[in-house]
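Listed below are the residues making up each chain.
2 protein chains.
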Amino acid sequence: MSSSQIRHILDLSPKERQRFVDSFDCVICDCDGVLWTVFDPIPGVGEALKTLQTHGKTLRYITNNSVFTYDHYAAQFRTLGITLTPSDIIHPALAIVRHLKSIHFEGLIFCLATQPFKNVLINAGFELTEGPDQPLEESFKKIIATVHDRAPVRAVVIDVDFNINYPKLLRAELYLKNDPKCLLIAGATDKVLHARKGFNLIGPGHFLDVLEQSTGRKATVLGKPGKELANLVGDIFGIEDRGRVLFVGDMLEQDMVFASRCGFQKMLVLSGGASKDDMLQERDVERVPDYYADRLEDLTKLFE
Amino acid sequence: MSSSQIRHILDLSPKERQRFVDSFDCVICDCDGVLWTVFDPIPGVGEALKTLQTHGKTLRYITNNSVFTYDHYAAQFRTLGITLTPSDIIHPALAIVRHLKSIHFEGLIFCLATQPFKNVLINAGFELTEGPDQPLEESFKKIIATVHDRAPVRAVVIDVDFNINYPKLLRAELYLKNDPKCLLIAGATDKVLHARKGFNLIGPGHFLDVLEQSTGRKATVLGKPGKELANLVGDIFGIEDRGRVLFVGDMLEQDMVFASRCGFQKMLVLSGGASKDDMLQERDVERVPDYYADRLEDLTKLFE
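Here the protein sequences come in this chain order: C and E. The first sequence begins at -4 in the working numbering and counts up one residue at a time. The second sequence begins at -4 in the working numbering and counts up one residue at a time.
These are calculated hints, taken from the structure and not from any lab test. These figures come from a predicted structure and were not determined experimentally. Wrong hints could be hidden among the right ones.
If several chains are the same, the list does not tell them apart, and a pair holds so long as it fits within one copy or across any two.
As the list claims (entries may be wrong) - Below are the DSS-like pairs computed for lysine-lysine, each with C-alpha atoms no more than 25 Å apart in a straight line:
hint : residue 1 : residue 2
1    : Lys176    : Lys96
2    : Lys136    : Lys186
3    : Lys96     : Lys213
4    : Lys136    : Lys172
5    : Lys10     : Lys213
6    : Lys213    : Lys186
7    : Lys186    : Lys271
8    : Lys45     : Lys136
9    : Lys172    : Lys45
10   : Lys96     : Lys137
11   : Lys45     : Lys176
12   : Lys172    : Lys271
13   : Lys176    : Lys213
14   : Lys172    : Lys192
15   : Lys296    : Lys172
16   : Lys136    : Lys222
17   : Lys296    : Lys45
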């Protein structure tokens, strides 16, 4: 599909609307930019989710945001009038736990992430090491002596780390270089974090780039749009027919590419990081949605 | 010159040796990897420098390392039996001061660098702002509130910063995005820091990359191999005929590209970051030296 053929769901004819809503049983939504933004609520979201449920659609969520705890998400969903259960939502920390268990991983993990993310790994029984967090004395010799600790690290895990710094990156580099079997696993690889309209900031994916370039490794990616997550997602959510899933997201790279890799139908909403221009200028078929809408609320009109 | 034609200076015939030593009046040396490494002295360096002086060659130094003070450099050179004067050496902090004065820069500078680097700017009369250095609370909203301080920053200066972190990069990004006239100036842009043989680490250039990618800006680069430094260097060192300068360095990108841009003769020594294989595999003519040697000491043999 070329970008000029992408249909706004409210431009569909009555017949096409019916065919579209009959074409999926399950709606998987991204969270940030679709359900809410960092600073602002997105209108009509709770209503839209409830309408989908009323019409028998199963709701699931996949976010790249492991910065919040499950309890935080459950409370956020309650404000939308939606009851969340733990099996409804995937984020990178959960997907990484699932992956590590599937490969029977044992050993120490060096973790560049937030505390809620680390807690998910710790609660699943994994042993972590981290830091240094505090500034180090400005001596290359002393910094190397500190970061080159030869701890028996078997996996470097990198996600959003608001306090990522040069010494932590050096430490990760050395673990990976010193042990060719040490795994490199990534959660969120977003190059851009969307805060509010027109306000995008450096995303965590840049720091994974630094590590990949300096070590020559490629990470196993368990956030969107990671292929490894795309392989896992069907099992996690018990999806039988991927073609009957509608994936709704606000980012071309994280959401549309991920949905493409999963074989889902894909819908972009313009309430988050990607603008209509971004979408129309996109030429990579993996990044181009099948449908688009201004926001999730537009979906309710298809059921009227 | 293709890499297969690069001559080892000790493979030159007696006639060629004479022609070579007569072809330059001035030798400009890189420091780290040529005169010493982070961990180890390089044998024969003091002798080589003294031999060059004895034979009437002017000695100058250009390093990307602003992490040391001038006093530290003077002491290092004293251990080699060489008396350093301030006008003999350029490093990025000095070159940036010169550049800022040449454009009559006024205003606040956000500086991502080490304290010795910052001191050079402060001593030259510039006003700096910096940080945050300490870890911030893990809340995107709170971090934005902290880093988005709307200080009247007119230039972001980035060099080696051993404690560079995500909040500092976000702050730099916001200054640059909020003021299209805010300058982006870089010192050392090395992608690799060479510590000792076979031990290379993430270099500061990766963090400039992050800033350039997230802001769409290109930095003015006043470390090697920056074009802006190449324009300045003739004036700083009072060079009349660039063809009669021999530049000696250990890095293909920082040193050979820089020497190419300056129109210097260029010699690679294998005592630092680049290996013979790196040199022979190089196809970019700007990165290929005219001559090479195992180490600076080899030069002394041309004068025997």
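Checked hints:
In this assembly of identical chains, the alpha carbons of Lys176 and Lys96 lie at most 25 Å apart only when taken from the same copy (17 Å versus 51 Å across copies). Taking the closest pair of Cα atoms, Lys136 and Lys186 come within 25 Å of each other only across two copies (18 Å); inside a single copy the shortest separation is 32 Å, beyond that limit. In this assembly of identical chains, the alpha carbons of Lys96 and Lys213 lie at most 25 Å apart only when taken from the same copy (20 Å versus 44 Å across copies). Taking CA atoms no more than 25 Å apart as the test, Lys136 paired with Lys172 passes inside one copy only; the shortest distance there is 18 Å, against 35 Å between copies.
When the C-alpha separation of Lys10 and Lys213 is checked against a cutoff of 25 Å, the pair qualifies neither within a copy, at 46 Å, nor between copies, at 51 Å. Both within a single protomer and between protomers do Lys213 and Lys186 lie at most 25 Å apart by alpha-carbon distance, with minima of 16 Å and 18 Å respectively. Proximity of Lys186 and Lys271 under a CA criterion of 25 Å is satisfied intra-copy only: 19 Å inside one chain copy versus 36 Å between copies. Taking CA atoms no more than 25 Å apart as the test, Lys45 paired with Lys136 passes in neither setting, with 59 Å inside one copy and 29 Å between copies.
In this assembly of identical chains, the alpha carbons of Lys172 and Lys45 never lie at most 25 Å apart, being 50 Å within a copy and 40 Å across copies at closest. When the C-alpha separation of Lys96 and Lys137 is checked against a cutoff of 25 Å, the pair qualifies neither within a copy, at 37 Å, nor between copies, at 34 Å. In the homo-oligomer, the alpha carbons of Lys45 and Lys176 never lie at most 25 Å apart, since the shortest distance is 47 Å inside one protomer and 48 Å across protomers. When the C-alpha separation of Lys172 and Lys271 is checked against a cutoff of 25 Å, the pair qualifies only between copies, where the shortest distance is 22 Å, while the shortest distance within a copy is 43 Å.
In this assembly of identical chains, Lys176 and Lys213 lie within 25 Å of each other by CA distance solely inside one copy; the values are 13 Å within and 37 Å between copies. Taking CA atoms no more than 25 Å apart as the test, Lys172 paired with Lys192 passes between copies only; the shortest distance there is 14 Å, against 40 Å inside one copy. In the homo-oligomer, the alpha carbons of Lys296 and Lys172 never lie at most 25 Å apart, since the shortest distance is 55 Å inside one protomer and 38 Å across protomers. With identical chains, the CA atoms of Lys136 and Lys222 are never at most 25 Å apart, being 39 Å at best within one copy and 30 Å at best between copies.
For a Cα distance limit of 25 Å, the shortest separation of Lys296 from Lys45 inside one copy, 13 Å, qualifies, whereas the shortest one across copies, 84 Å, does not.
Checked against the numbered hints listed earlier, the structure breaks hints 5, 8, 9, 10, 11, 15, 16; every other hint is satisfied.
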